[in-house]
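First to last, the sequence lines map onto chains A, B, C and D.
Quick note on the numbering used here: the first sequence kicks off at 1 and runs consecutively.
Quick note on the numbering used here: the second sequence kicks off at 1 and runs consecutively.
Quick note on the numbering used here: the third sequence kicks off at 1 and runs consecutively.
Quick note on the numbering used here: the fourth sequence kicks off at 1 and runs consecutively.
Do not take every clue at face value.
Copies of the same chain look alike in the list, so a pair counts if it works inside one copy or between any two.
[As the list claims (entries may be wrong)] Think about it this way: if two alpha-carbon atoms lie no more than 16 Å apart in a straight line, the pair counts; the simulated EDC-like pairs of lysine to aspartate or glutamate are:
| hint | residue 1 | residue 2 |
| --- | --- | --- |
| 1 | LYS352 | ASP337 |
| 2 | LYS352 | ASP302 |
| 3 | LYS237 | GLU176 |
| 4 | LYS100 | ASP161 |
| 5 | LYS135 | GLU58 |
| 6 | LYS57 | GLU399 |
| 7 | LYS11 | ASP75 |
| 8 | LYS56 | GLU67 |
| 9 | LYS100 | GLU348 |
| 10 | LYS192 | ASP118 |
| 11 | LYS153 | GLU91 |
| 12 | LYS13 | ASP76 |
Hint data in this document are derived by calculation from the structure and do not stem from the laboratory.
There are 4 protein chains.
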Amino acid sequence: MANSREIPPAKGKLGVLTPGLGAVASTFIAGVIAARTGLAEPIGSVSQMAHIRLGKKEEGRNPLIREFVPLATMDDLVFGGWDPITPNVYEAARYAGVLKESDLSSIAGELESIVAMDAVFDQRWVKRLEGHRVKDLTSKWDQALALIDDITKFGVDNECDRMVMVWCGSTEAYQEASEVHETLEAFEEGLKNSDDNISPSQIYAYAAISAGVPFANGAPNLSVDLACMQELAAKRKVVIAGKDFKTGQTLMKTLIAPGLKARMLGLRGWYSTNILGNRDGEVLDDPENFKTKEHSKLGVLDTILQPEVYPDLYGNIDHVVRINYYPPRGDNKEGWDAIDIFGWLGYEMQIKVDFLCRDSILAAPIVLDLALFMDLAQRAGESGVQEWLSFYFKAPQSEIEDVNPEHDLFIQQTKLKNTLREWMGEPAVTHSEAG
Amino acid sequence: MANSREIPPAKGKLGVLTPGLGAVASTFIAGVIAARTGLAEPIGSVSQMAHIRLGKKEEGRNPLIREFVPLATMDDLVFGGWDPITPNVYEAARYAGVLKESDLSSIAGELESIVAMDAVFDQRWVKRLEGHRVKDLTSKWDQALALIDDITKFGVDNECDRMVMVWCGSTEAYQEASEVHETLEAFEEGLKNSDDNISPSQIYAYAAISAGVPFANGAPNLSVDLACMQELAAKRKVVIAGKDFKTGQTLMKTLIAPGLKARMLGLRGWYSTNILGNRDGEVLDDPENFKTKEHSKLGVLDTILQPEVYPDLYGNIDHVVRINYYPPRGDNKEGWDAIDIFGWLGYEMQIKVDFLCRDSILAAPIVLDLALFMDLAQRAGESGVQEWLSFYFKAPQSEIEDVNPEHDLFIQQTKLKNTLREWMGEPAVTHSEAG
Amino acid sequence: MANSREIPPAKGKLGVLTPGLGAVASTFIAGVIAARTGLAEPIGSVSQMAHIRLGKKEEGRNPLIREFVPLATMDDLVFGGWDPITPNVYEAARYAGVLKESDLSSIAGELESIVAMDAVFDQRWVKRLEGHRVKDLTSKWDQALALIDDITKFGVDNECDRMVMVWCGSTEAYQEASEVHETLEAFEEGLKNSDDNISPSQIYAYAAISAGVPFANGAPNLSVDLACMQELAAKRKVVIAGKDFKTGQTLMKTLIAPGLKARMLGLRGWYSTNILGNRDGEVLDDPENFKTKEHSKLGVLDTILQPEVYPDLYGNIDHVVRINYYPPRGDNKEGWDAIDIFGWLGYEMQIKVDFLCRDSILAAPIVLDLALFMDLAQRAGESGVQEWLSFYFKAPQSEIEDVNPEHDLFIQQTKLKNTLREWMGEPAVTHSEAG
Amino acid sequence: MANSREIPPAKGKLGVLTPGLGAVASTFIAGVIAARTGLAEPIGSVSQMAHIRLGKKEEGRNPLIREFVPLATMDDLVFGGWDPITPNVYEAARYAGVLKESDLSSIAGELESIVAMDAVFDQRWVKRLEGHRVKDLTSKWDQALALIDDITKFGVDNECDRMVMVWCGSTEAYQEASEVHETLEAFEEGLKNSDDNISPSQIYAYAAISAGVPFANGAPNLSVDLACMQELAAKRKVVIAGKDFKTGQTLMKTLIAPGLKARMLGLRGWYSTNILGNRDGEVLDDPENFKTKEHSKLGVLDTILQPEVYPDLYGNIDHVVRINYYPPRGDNKEGWDAIDIFGWLGYEMQIKVDFLCRDSILAAPIVLDLALFMDLAQRAGESGVQEWLSFYFKAPQSEIEDVNPEHDLFIQQTKLKNTLREWMGEPAVTHSEAG
């Protein structure tokens, strides 16, 4: 049995900084504030609501996770962020239209007081948006320094003991890693030259890690999924995680695909379409930005289904993912999946899933969990990619190069819980006859 | 690390006996025959197609299960069964209409040669069916003895080394365990008195276990889910398992419910309706038989979601299950689920799942797996309820009284695989950081 | 060209009386009040919003129906009703939960002032409800007289020029017409004997027609679909119409079935299931009340598809209708249809329709239209069954015995509009080359 | 009552020529051959299966359309066509995979004997296809003359009394009418210059009409929807019709949209997605070809819903149509629609329609009906656009410029039937009280 680690307790304030104060961030912040005043429950948050079984079933030890590991509490959190459009969190929440006016009214003042800092923004990466509240600096190096200043100032002003940053901004246009991303040295050189291949999210990530602040990436942009960032994280001993919050359709995919495989049912095709009408939908209506999202979404099936191990079952899958901007729904996304499977003797069957979900409602508790778990990992002495947080991501980053990260939600969950058990000196749960 | 058990190898013929030679049994038998002549693949069969990871991911050890544990092969199987209606397996397959004529034609002779033995049948338990090929014996004790004779004769005639029995008959009318089921003594007394509370499936189970033949129950009837049968199984050192094959809608339920819980999303209601037009649908159109099925299907959510641990999320669920006889579909069942969930701050969302499945296509590989795994367990020295086979059942039986059996498909799968690993002296896989 | 009728103008107040002040009636009343104060639009109301084309397309004459025929206006309406449970319309609306609190608040006073009169109620016909605000009279004859008094008093108190009654109460338990319903004489005798076969809705209908008040029936009960009532209507020269508002699933059915037939596509089966959680759902959870509804819903396909004319296409249809009480949805009904069709050479296809509808939102404008059109017909000198209003009913009543009423929504619509055209001396629209 | 026209009877053979001998044409031809040998029924064909009511309902006159009007019979038909890929109809049917091998085998010889003539083909209009069986002529004028020769020769060889042509080829790349299409003179000049704006389907149309052969267009290409073609049709007194067969999703749209409007329910958005895996899907995967289809599909709602008359209900609709190539389904298209409606007081509801259809099965009877009705119209002395056949088209052409053609399936059906009634001297059916 592993020994317990020495994890320092969560003392003082924890600053949660979000680049992007739009639908997701404002729903997250409003929800935490509502929850700590007792108006609502942080439903969907594993860190707040889930129990963890310890030892054998018969022992009946099943504490809340937040009573088992030394997490910061919701009361400890202070919020800040940057946004190129919205002036403050109250305006952001009203524009997003996720939460009902009646749920916002009693906390309007507190939300209004969270004022967005001027953003590092470049329309080249999100054509459909126009930014007005933007830092007036053209050098990317200067932008990075300005962000580090923002972070430092925020920490001092709010008397933070620690901070974490969670990217809640829009999906950036598609790019692949280039030379400038290969080493930290190249990247810093690139910042100084304002290299075209460096996107805003990378500047935020650089600033956060340089300032010793853990960084989690909720969008499919590369951001910290780059060699240079991992080098920086290792050097600065900072934890990072990504990428792309696993919310609606991909969440369902990572439930159903493992189930098909568990039962050795074959798959011929999986067609996924999404309709959504929020700003995210607008941004993704641009083919370049959609391409980034598509890459993030397409990887899921291959890793779960292992076509190389099961060529007869999963070697020839037509996997199509579409996103369509459809304003009538606002933030209320609808994901429709048509799944073509086959069983015994090759006979065909179909599964259709229609998910009437709410993007930000599903994403908000993930922001909370990531903030708290990243902070825990940092205190636990971790650094670099936190693969045990793959549970939260559509396209989880791998610690070890060339090893595919896990996509199966249930294995991800086991990994998350067994990691916590291990840190606290509890044995892993195996569900074998013996234990 | 656990030591490997001494499991004798699978030598000679394994007789697979099915009470009920209808859609499921005929599809199973036709498929195995087609598969061993290379015409088709046994898709959906974990015992035949699944790999099992051994050791750490990096080790790359990932054999087929059937090459890892000493299972009987498909070539070792010989088939027999009882049916009150159908004369032989070819007729059964044609009547069921599951497999295409073109898939049956080349193996018609072999199927025709598997002639149904006269059944123990009583219309009191399945009002919608009329049996003509029925044993002409009124005493239940005599019926049991006749079945034991059938089993013995089948074994001798077919030179079987071992046998297993898998119940593939119709769902019987609802009943709860009564006095006659409490002890083996009471049950044997009841057989002699032809007690009204003893149903045909119980007589089959009694005969099988008495003859040292493992018994698995694919329907929701009590059958071996009775104290008297467990007493008999213990006494005779025979393995048993049940109940109710987990095929279409419940299979999806045990994928999605664990996913909702993993993410701490709340559930307000789950409405499930099924339409099917096969003989199973006809039988379940009778309220008494449906009640048996309903009980089997309703238990699923409570055990997975643990409302006692999560009253705010799962304490108040409206769970409705309906089955409707709808002839246009034949064996091609359609299951439709409307799932009402809630997330962050209580905001509501909906999931709808439409599963155009094929009942017998999904059930057939389960019959194969259960036959082979029950035989393995028997050789491995096990006896009584095989909880590690819960993976295959809608209403798994528990080894220990008052402990709820596991319904979560992913935990069931882990349990199945870790049980095999343990028997073979391999460590459990935990997915923790450490392993 | 037909001559225009002399229809007296709609002067003074029109009283709209509803037995049942539940979800439907309160949504109707609140909506009319909101609409006449300009807060909302009476969407779904043909009488208020639809245009009617006159003459040839090229003429461009396309007035609003309400500017073409002399209807009462929404401003002319005064509301009254009876309810065994709810004290007033505001309470009814709040309990029903159809309209948002914010939509009700500004008209709360007006709604509260519409107080329910004590109802004629008998739990034998709706087992799931308990009535407390009930007339303390056991003789059915006395109950009828008391209702006539209520009507008269309402008319006087509210200075009504005319009145109409629209049944908005629950579905009563199933019954077929019996001897007591054959003649007016037998029925009046039955009232005096408090005959068991006379249900409350029949007493309301008797009272209304006797008082010269048109009666429309929104539920599937017999009510005015009885020989005795037609005799009374003829004698008293009063218009009647029924039965069962065509709202969600049946509405879709009467769109799609005519389309299949237009294209000569065959139909093997149609499976319809509904889930709803309002009081209507609760009442229909009782098999006796469901049976009434089922009868009303099942007739639709036969009349539209004419199996006697098209035996190859429609001679062998499995039509199943189910309603399930499912509280999570409240008034937000969900109807799911699985439709099995076949085309060229018999090849099979499927259509599935999922309708997330709102019962009372769809029914409310029908109450308005029926009130106004019944009043118009009465002024136009009509009496007896108004078959041109079949457009609004699931199980339209026929004027002529043994002739099936029309169910096809598009023929019904044509009939409604051509009837209005005819009354106003305009030629029918035929869509032929010539006109 | 209109007088009957003198329509000469249908004597001798009717040649049916299809440019394109792919899935649709081969399914059509195989079906007609199977039907006339009694193997199958021409389900979906209005000309063969539908009855037509004459006079008042009470008269009970309801003959089959084919017994009411002098149509050619299925026995009279001879088949021919052009295809750049497939050598004969049997190969086409096998490649398409629409009809089962067992349905094709008994008529294989007859299908094989229908050999495709070399096509006029130009990859510029369908990038995804490569043609090999193509006329070796570069001048478009020469191509037109060669087609006229083909037509003449086919007529002589097959002893045809009359011929019709129905375009069953792929959708061509998007184009708008240009100068070359404005007059017949310009078009003929363009043919001689091989003008880039003249597509193959236009050359076929030109050849057909010039040869006095009626032309119907089953694809969304312009083809006969051009001023020059209407001029030619008028000059040559030939009937034409188009465009784009109304089969799966649009068929449903023209059922449901009129129903919403009949009930004055508002519409916010309609999202339609299609997945299909046949050659049509492959062609439409190219954005240029999809654009042609999209235009054809988008027009439907506006004409039906009349946003200019009902701005509050239909003035602001988000209508999105997507087609995705998804090979697992082959010819078995699936159309999924999400429809966002609103009713009373603006409350929102949703309808979802999932149509598991078969493209060619739905299109084949349309080819038959158009062939027979076009031939009838020609004999009845008609010429130019046949608006009464709008019933069959997604984007019906209008006779009169600037008047929108009718899209409502039910009005289209009325128009079709009333046109036939009128030609035969029967009064139009109006469904008014009076008739």
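Hint check:
For the identical chains of this complex, LYS352 and ASP337 are neighbours both inside a copy (5 Å) and across copies (10 Å), given an alpha-carbon limit of 16 Å. When the C-alpha separation of LYS352 and ASP302 is checked against a cutoff of 16 Å, the pair qualifies neither within a copy, at 20 Å, nor between copies, at 25 Å. For the homomeric pair LYS237 and GLU176, neither the shortest alpha-carbon distance inside one copy (26 Å) nor that between copies (62 Å) is at most 16 Å. Taking CA atoms no more than 16 Å apart as the test, LYS100 paired with ASP161 passes in neither setting, with 33 Å inside one copy and 45 Å between copies.
Neither within a single protomer nor between protomers do LYS135 and GLU58 lie at most 16 Å apart by alpha-carbon distance, with minima of 59 Å and 47 Å respectively. Taking CA atoms no more than 16 Å apart as the test, LYS57 paired with GLU399 passes between copies only; the shortest distance there is 13 Å, against 32 Å inside one copy. For a Cα distance limit of 16 Å, the shortest separation of LYS11 from ASP75 inside one copy, 11 Å, qualifies, whereas the shortest one across copies, 66 Å, does not. Within a single copy, LYS56 and GLU67 get their C-alpha atoms no closer than 19 Å, and across copies no closer than 31 Å, so neither meets the 16 Å cut-off.
With identical chains, the CA atoms of LYS100 and GLU348 are at most 16 Å apart between copies only, with a shortest distance of 12 Å across copies and 44 Å within one. Taking identical chains as interchangeable, the C-alpha atoms of LYS192 and ASP118 are never at most 16 Å apart, the minima being 21 Å within one chain and 64 Å between chains. Proximity of LYS153 and GLU91 under a CA criterion of 16 Å is satisfied in neither setting, with 23 Å inside one chain copy and 55 Å between copies. Taking CA atoms no more than 16 Å apart as the test, LYS13 paired with ASP76 passes inside one copy only; the shortest distance there is 5 Å, against 64 Å between copies.
The earlier numbered hints that this structure contradicts are 2, 3, 4, 5, 8, 10, 11.
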